Amino acid sequence: MSEGPGADRHALFLSLADELRPELHRYCARLMGSVIDGEDVVQDAFARAFAALDTLHEVPPMRAWLFRIAHNRALDVLRSRASRLTEPIEAAREFAAPEDFDPAEELMRREAVETAVSRFTELPPAQRSTVILKDVLGQSLEEIATMLDLTVNAVKAHLARGRTALKLINSRAPVALSPRPPSPAVARYAALFNQRDWDGLRAMLADDVRLVQSKYPARSGAADVGMFFGIYSRSAHVQLAPAWLENREVVAVYEDPGSAKASYLMWLEWTDGRISFIRDYKYVRYVVDDAELQFIQDDTRGAESPVT
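For the sequence shown, my numbering assigns the number 4 to the initial residue and increments by one for each residue that follows.
Any given hint could be a false lead.
Here are the computed lysine-lysine pairs in the BS3-like style, where the Cα-Cα straight-line distance is at most 27 Å [said to hold, decoys possible]:
1) K170 - K218
2) K285 - K264
3) K218 - K264
The following label-pair restraints were derived from C-beta to C-beta distances [to be verified]:
4) Q198 - A221: 21 to 31 Å
5) K264 - I234: 18 to 28 Å
6) A50 - D211: 15 to 25 Å
7) K264 - D43: 15 to 25 Å
8) R251 - L56: 25 to 35 Å
9) E258 - V155: 37 to 47 Å
10) L19 - P220: 19 to 29 Å
Rather than coming from a laboratory, the hints here were simulated on the basis of the structure. The model shown is predicted, which means the values in this text are computed figures rather than measured ones. Cβ coordinates follow ideal geometry from the N, Cα and C atoms, glycine included.
Start from the sequences, fold in the hints, and give me the full structure.
Below, the structure is given as structure tokens:
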């Protein structure tokens, strides 16, 4: 890294990144309706921001700048999926300010905090953003206006409408999804791991497999990724359990096998019956905090895991 102002910018950015990651993920996960997609947006936002530092004449207030980058990236992804709820954020400027809020505001904040991550996608994006920032993250109206490049009155308008809509959403029972059995491939992966059969796990890797762990360079190729299991071979108590999250099959990791809550997650992709991609969330454990994991009878851990 070079000396001078540019180096100072990068140092400040990196020191702030670790501090902001959990909070930024809480925002992006709810904006995306997915803890996994939310982390992808966070990683992308940090990469884009880091690359942009050298192009800036002046360093902006980094917290608001990072939130804006993540916000815009999340909306880009949502638009690319042709979301059925597409209220443009620019439309906020057309709304009039609502009346002052009554003392029930604290109850509305509590309701937002307790709302499942996936249900926020039922709100239009502009309402979703303001409710999350105000009621989940506790930002002031002025801070939200700066982050989203809106007027304070526009923020108030979206917030009032979003709170009303969220209350209606939470009055409806969510669709209950029955937990499904794990796929044979994921069940075998967890069983081999719990049996400490590292050679068996390495045999499941595709030749061009990739491993991604936040904060570390990606690994590629069966030989390099195979070293990943060597690290776990020194962790005698770590156990895995197949699970479902957001209609995706994942692996819950337990550093304390007696704990009811997973320590973090892994996510695998498969090509022709072999593992082609591993995403290990060990270094971004906040992802599991809001994860709505589903389990069924789990023979790999020798006990029945609860549906949560």
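Verification of the hints:
Annotation: proposed proximity of K170 to K218 is violated, straight-line Cα distance about 38 Å (limit 27 Å). At roughly 14 Å between alpha-carbon atoms, K285 and K264 fall within 27 Å of each other, so this suggested pair holds. With a C-alpha separation of about 24 Å, the suggested pairing of K218 with K264 holds against the 27 Å cut-off. Hint check: Q198 to A221, Cβ distance near 27 Å, so the stated range 21 to 31 Å holds.
At about 22 Å, the beta-carbon gap between K264 and I234 stays in the expected band of 18 to 28 Å. Hint check: A50 to D211, Cβ distance near 22 Å, so the stated range 15 to 25 Å holds. Distance hint check: the CB atoms of K264 and D43 are about 23 Å apart, consistent with the given range 15 to 25 Å. At roughly 33 Å, the beta carbons of R251 and L56 sit within the given window of 25 to 35 Å.
For E258 and V155, the Cβ-Cβ distance of about 45 Å falls inside the hinted range of 37 to 47 Å, so the restraint holds. Taking 19 to 29 Å as the suggested C-beta distance range, the pair L19 and P220 conforms, at roughly 21 Å.
Hint compliance for this structure: hint 1 is the single one not met.
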